[in-house]
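Undergrad: Just need the whole structure built from these sequences, with the hints factored in.
Protein chains: 2
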Amino acid sequence: MASSAIETDGQEILDLEKNRQAEKAQWVLNAPEPPSLWRELMDSARETVLPHGKRFPYLKDKDGLFKTVISVLQAMFPIFSWCRHYNATKLRNDLLAGLTLASLCIPQSIGYATLAKLDPQYGLYTSVIPPLIYAVMGTSRDIAIGPVAVVSLLMSSMVPKLEDPEANPIAYRNLVLTTTFFAGIFQAAFGLFRLGFLVDFLSHAAIVGFVSGAAIVIGLQQMKGLLGIAHFTNKTDVISVLQAIWRSVHHYWNPHNFILGCSFLSFIILTRFVGKRNRKLFWLPATAPLISVVLSTLLVYLTRADKHGVMIIKHIKKGLNPGSIHELQFNNPHIGEVAKTGLIVAVIAITVGIKQFKSILHEKYTKSTLLTFILYILLLCQMQEATAVGRSFASIKGYSINGNQEMVAFGFMNILGSFTSCYVATGSFSRSAVNFSAGCETGMSNIVMAITVIISLELFTRLLYFTPIAVLSAIILSALPGLVDPHEAYYIWKVDKLDFLVCIGAFFGVLFASVEIGLLAAVIISFVKIIIISIRPGTEELGRLPGTDIFCDVNQYPMAVKNSKALVIRVKSGLLCFANANFVKEKIMKWATEEEENDSKGKRTVQVVILDMSNLMNIDMSGIASLLELQNNLASGGMELAITNPKWQVIHKLRLANFATKMGGRVFLTVGEAVDACLGAKMAAV
Amino acid sequence: MASSAIETDGQEILDLEKNRQAEKAQWVLNAPEPPSLWRELMDSARETVLPHGKRFPYLKDKDGLFKTVISVLQAMFPIFSWCRHYNATKLRNDLLAGLTLASLCIPQSIGYATLAKLDPQYGLYTSVIPPLIYAVMGTSRDIAIGPVAVVSLLMSSMVPKLEDPEANPIAYRNLVLTTTFFAGIFQAAFGLFRLGFLVDFLSHAAIVGFVSGAAIVIGLQQMKGLLGIAHFTNKTDVISVLQAIWRSVHHYWNPHNFILGCSFLSFIILTRFVGKRNRKLFWLPATAPLISVVLSTLLVYLTRADKHGVMIIKHIKKGLNPGSIHELQFNNPHIGEVAKTGLIVAVIAITVGIKQFKSILHEKYTKSTLLTFILYILLLCQMQEATAVGRSFASIKGYSINGNQEMVAFGFMNILGSFTSCYVATGSFSRSAVNFSAGCETGMSNIVMAITVIISLELFTRLLYFTPIAVLSAIILSALPGLVDPHEAYYIWKVDKLDFLVCIGAFFGVLFASVEIGLLAAVIISFVKIIIISIRPGTEELGRLPGTDIFCDVNQYPMAVKNSKALVIRVKSGLLCFANANFVKEKIMKWATEEEENDSKGKRTVQVVILDMSNLMNIDMSGIASLLELQNNLASGGMELAITNPKWQVIHKLRLANFATKMGGRVFLTVGEAVDACLGAKMAAV
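Chains as they are written, first to last, in the UniProt record's numbering: chain F, 1 to 686; chain V, 1 to 686.
For the record, the hints were derived by calculation from the structure and aren't laboratory data. Please note: incorrect hints may appear among the correct ones.
Pairs involving identical chains hold if they fit within one copy or between any two copies, as the list cannot separate such chains.
Straight-line C-alpha distance at most 27 Å; calculated DSSO-like pairs for lysine-lysine [what the hints assert, rightly or not]:
hint, residue 1, residue 2
1, 562, 18
2, 590, 235
3, 590, 276
4, 590, 161
5, 590, 662
6, 307, 161
7, 562, 24
8, 161, 90
9, 67, 161
10, 565, 24
11, 497, 161
Only a predicted model underlies this, so the values are computations on that prediction, with no experimental measurement involved.
TA: Here it is as structure tokens:
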């Protein structure tokens, strides 16, 4: 009697358990309909353009018109925020930082202008207007704005295809200015319409490879100045450049240039070592380029070395930026090409300016622990509006870098730059680091720098007449090692082999073809990688983890135990689609039948194949057709197919295709339930 | 005392539970290293090329040399298998089917040859050699081999770009034969090296769209014959063709052709209805084209209608296929283009031949229940070797279609075809259906058909002199409705909107541009779709299903309950990479901080963010960097980040990047454990 009561109890529990399982299976089958494609598209578009619902959250404060205007102005021109709390101490620090910055900026600007195949003064112009505008509109205080090496290389490798800088320098310059205008427009548009994610399409690995390759190309370009070569190639790939150098060295070779360049290069590198040893002497490496320029100019002037073949800058036009709004070429037949170049330059300038800068900050402050914390907060807020989030962290962070506002600032500085004879400016890697080390407090250091450059333009251009080009080359060369990053490349290799492929694709593309091909290679490899990972037809067998009801990959968790009668399989990709469905089907069939084969050796008999769908984000028509075939194939072999944990989109499509009914209800929430239910049913049938 | 004992017990159980959880977390963290990229590549290459380990499984039977040779021959030439059991009954059925097939094949072949811009006899040639070779080497018994409409259209739209068929018909024909040769080489290579998966890259939706578009284009091309237009356009897009028709109709219009064509078209369609009503009259629709040809030829001959503007075939060259091996043009300057065309034709021919055929089988037998079962078995075995699997199902299936052997057979029939004046042949949709309805038993029906065509070529070509072209057009037109499949298109629309986009992309591409652009559009949309689905930066919040420890999407399972202190989030894509990592990070931050915002209204305070990684197949450098930023951002907001159930590749990379240690051990196997552990720790801290 008692035992029968227990049995009844057991039966009841079993029934209860069964009912619960059935209920859970119903949950899976009767999920509400997922949002339609159209609604999803609209939602994601809205989220992209309006990440926090409102453009100007200050408006809700209802503090009257005046305060509202002030708030809007503060959001658009962050200078209004920080200048209210500006004081003498900050000014002193900014003055020091700005002057240090200017001493590095002036020789670099001249060098980068020659790299971009423009007259030297255009580099100086670019160090005037963009930093001033950035100081007003930008949100970062450490970034130093001006011409940079990678963007200058980009200009000198893409624009000369449209106009020869030697044959027609004015037309070339006008195209460069037009490109700058377009770059500015694109950057401002990215910021205003929150399209910053487009910049994400250049992955970290691609940037590392691209910048390293560009640095080497830039270095090789400097051989022109360092060796005093008059006629150089217009191409940027390593082979053409090396050929040009080889040819020149054989025909014409002036050791004076080389000796001068190398000695000052050694000097700059030496000061850098000294600066690293003694943190107090941080100004020494920063001012070394200016000291080199002054010393070498004096040297050439005194020895009249220019008569002996040392190449010098000669004339630099005196005076402030001339207006250039009428020089923009909108009727040019190459306008499409120019706009394309503008887009590429815009993306690279943002990437180099914001992203690289982010990474140096990151590097620097893993060392100085106090600042780490503050700077992570900056990064945290980079992509967020000055709303609730911004406010709730305001007490810790002091200020926030706003990604979209940054892009708007970059855009405006380049648009207005293109009206005032500037080419594309962005955040410089080497100068931002100097700015930070010099202890800048606000954007004022950029203003100080710009004013210093203005004074130089007005007063000192004639003094630069005898500056040897070899020393400019040495200055550019000395800035390059910071761009090549073998450690990061090794780290990428260690963690992700395919990402490393992207990295070296960009690197060799830039090195042996052109900057465009390098970028294209990186983007294509990145997307091919996504496709390969998404459609690779891998499957894994799952086993039960001892003591749990959890099923895991038996390779990842060697302690997992396979079921002797149920083959539990999970697809190793997020998509079951035309490109992998057939393969997966085949593989599962092979697995099921091979396992069965081993039966004769007394191993196992598969009665149920359970397909865990928890990985699958989506499925297409071919995927559904394959599942159908799989089920029929298994059925004809006397096996059953069950599916578990299909995601929203998947179960929705399976329902639409009537697959769920064709499965005969063998749809479960968890693998454990599927195993119990299917094997239980089989047992009962026997 | 007692209560303290209970407490101690409770404490012990708690400790035990904690130990178990710690052990499980260790399982996650100490997973063995996943196979390297190189090993994975090698494994998948080996699996692709050698899906079942051995090429000829028969070899292991150790039955002596003779039996081995027989087995190998049987594997390569399935005819040896079935002809051993051949008998008179089967022959009678095959004879009937073959003759029915021939009566449909002869008019269709002539029509398709004119569609391909070749002389009529080339269509007949193509119905001789390829079916004979297929009968020897192919594994399917229902398929009817010969020229088909879609491939003929492909030829006439791609090859004329290289050589004008009107100006230089012989050079054009030679290029068509060379294309056929290349198509055969590619098909045989696909089969021998098991590259059939390349054909999968044309998804089901793409084929439906492409074939429907092609059918409409073919139909419009037939207006030439139906209206008796002498000068037609070489282009295939709808607009050019409609313009050509419009122009011709205005200038020259012969109602005799049109009336003749339309009356016989009506006749053929009528017989089809009769055939559908009365299954015994299946031969009526199959022979209607031949009847039409005979009647119309007689009519034209008797009335001498050709004198009144009715266009007739005129001369068809008598006699068997001439050799054409010397006509292949390997020194042609367009050889690269020809090879490319060959590749496209090869893929389309396989797709149309095998895949479409698969789908009619599927359609047909959902109606006749008995055969359904058998035919699913065929499909089951389509991609499998005649090994274990094949053998274990041998008793049910009777025979198996072997995908790779099929492709080899297709390849050889086209290679040998190109040596004997045939252009590309494949399985015909309409004729295969007729062959099946007529009750064919083996590949013998193809042989019977080929012999009938040979006899016709030898004896009856002169009788076709007066056959009106309008009737040929009517016959082609009558075969088209089977190719356009609005039901399938609607089904695709219903189940998968993006797949429908692929479908209409192919459809409109073929219709308004060209067949190549249609195919290209389909392939590109398909892959863009994969990329979009893989990188779309969706996230979903998880809640606990009542009465379980399972966490599910709160939208899919509305009964799931959110935790008030833990925000459980899962990424809705299989990859966390450069293209979506930033977005996902931002979204999670927004979520976490917005949830916190609602605190003032008394809703919830997020203390822990748990990121369920069970979806993620892989992660890249940018993804890892984003996770790191996310953790630091959350930490500065006083929240904790925990991750659960990372997959093999993901945990491996996180370990390499030292992220696992930076997480401070907050890596768990299940969401439930993570919630308990994190909130428990928080409680203890309070």
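Undergrad: Name the hints, by number, that the structure is in violation of.
TA: 2, 3, 4, 6, 8, 9 and 11
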